[in-house]
Amino acid sequence: EAGVAQSPRYKIIEKRQSVAFWCNPISGHATLYWYQQILGQGPKLLIQFQNNGVVDDSQLPKDRFSAERLKGVDSTLKIQPAKLEDSAVYLCASSPRRRDGEQFFGPGTRLTVL
Amino acid sequence: AQTVTQSQPEMSVQEAETVTLSCTYDTSENNYYLFWYKQPPSRQMILVIRQEAYKQQNATENRFSVNFQKAAKSFSLKISDSQLGDTAMYFCASWGSGGGADGLTFGKGTHLIIQP
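So the protein lines, in turn, are chains A and B.
Going by our numbering, the first residue of the first sequence is number 1, and it counts up by one from there.
Going by our numbering, the first residue of the second sequence is number 1, and it counts up by one from there.
Chain B on its own, in the form it takes in the complex:
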C-alpha cells in the first residue's frame, strides 16, 4: 500500500518569487516513482516532473526542481521565478511496480496562487 501526504492546502506567493510545495509518502515498494502533477481550472492533469526512486540526483525541468530525500520519504517541489500561469492545484503522486494494480496514488493537493 502507498500513501501520499500534502500538508499545505493552499499557498500564495508573489510573482517571480520562489515557492516550495511539500510532500511526504510511504511505500513498501523497492522500485517506485514519484510525480508532481499540475491541475489548472481546466481540470487537465499535466505532468510537471518525475523522479525515479533509485536515482539519487534530484530531477529538474526548467523552473521546476525537486528535493528528494529518500530516507525521510520526502519529495518537495520548488518553483523558481514563479509566473501567473503557475496558479493551479498541484498534486504529489507515487507509483510502485510491485505488480497487479498500478494506478497512481495521489495526495490531497496544494492550491498554489501566484499574485501579480
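Pulled out of the complex, with its shape left as it was, chain A reads as follows:
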C-alpha cells in the first residue's frame, strides 16, 4: 500500500512570495489533515478535511493560508504572502476512519522563508 505522498520535499522562498504544497493521501482515506511543525515543537493542526469538505480550519491563518481538497482526494496548501514565521515543516496526514485517531503521515515539506 502506497503511503502519503507530499511534494516538494524542500522549498526556499523570499518573504512576501507565494508557495504551494501538494499532498496525495493513502487511497480510500476520507480524512486528510495538514499540520505545521515549527522547529523545536510538535505538529499543530492547521486544517482538517472530510472528503472534500472542511471539518475544521480554526487554526489556519486565513489572511495568508488557504487549502483545498478537490474531488476528495489530493489536497493543496497555499501561503500568500509568506512571512518569516511561516518557516516550518508542513506535514500531511490521512486517516481511514475517525474513531480511533490513527493517522498516517507523509514525509513533510520543509519551508524556509528568507
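One thing to keep in mind: the hints can contain errors.
Claimed, not checked - Pairs of lysine to any residue, SDA-like flavour, derived with a Cα cap of 25 Å:
no., chain 1, residue 1, chain 2, residue 2
1, B, K78, A, Q41
2, B, K108, A, L39
3, A, K44, B, Q2
4, A, K44, B, Q8
To be verified - These stretches of chain A come out as covered by chain B in the derived footprint (C-beta under 8 Å, 3 or more residues):
no., region
5, 36-44
6, 47-59
7, 88-100
Hint data in this document are derived by calculation from the structure and do not stem from the laboratory.
Every residue gets a Cβ at the ideal spot worked out from N, C-alpha and C, and that includes glycine.
Fit chain B to the supplied structure of chain A, relying on the hints for placement.
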C-alpha cells in the same frame, strides 16, 4: 481541549540500555487514545505504539511498552534494549472522539540519543 506535556527535551543513553520517556496529558474527553510517534531526521512521523484509554492493560510492541496511569494522566514510553536506530525525536500525542475536529494534539517532543 487537550494538552500534552513532555518535560524532557533531550535524553541520552548507551546502546542496549533501557530508557523511559515521560508524558502527561489533560483531556475532557471520555473516550480518547494516546500515541507515541517517532520522527527521525527524515521527518517521517512513524507510529510507535497506541493506547486506548478504556483499556487498563498497557500496550506493548516488541521492545516498546507504555506505562498508562489514567488517574494520574500519565503515559510514559519504555524502550528496552535500545538500538542506534532508535535515535530520533519522540512525540507523545492524544486524540479524542468528542466530535468536530479530531486532529492529534502533540507534545513538544523528546530528543532521544542512543550512544554506541
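To see whether the hints hold, each was checked on the structure:
no., hint, in the structure
1, B/K78 <-> A/Q41, "22 Å, holds"
2, B/K108 <-> A/L39, "10 Å, holds"
3, A/K44 <-> B/Q2, "12 Å, holds"
4, A/K44 <-> B/Q8, "19 Å, holds"
5, 36-44, "holds (count 5)"
6, 47-59, "holds (count 4)"
7, 88-100, "holds (count 6)"
Checked against the numbered hints above, the structure violates none of them.
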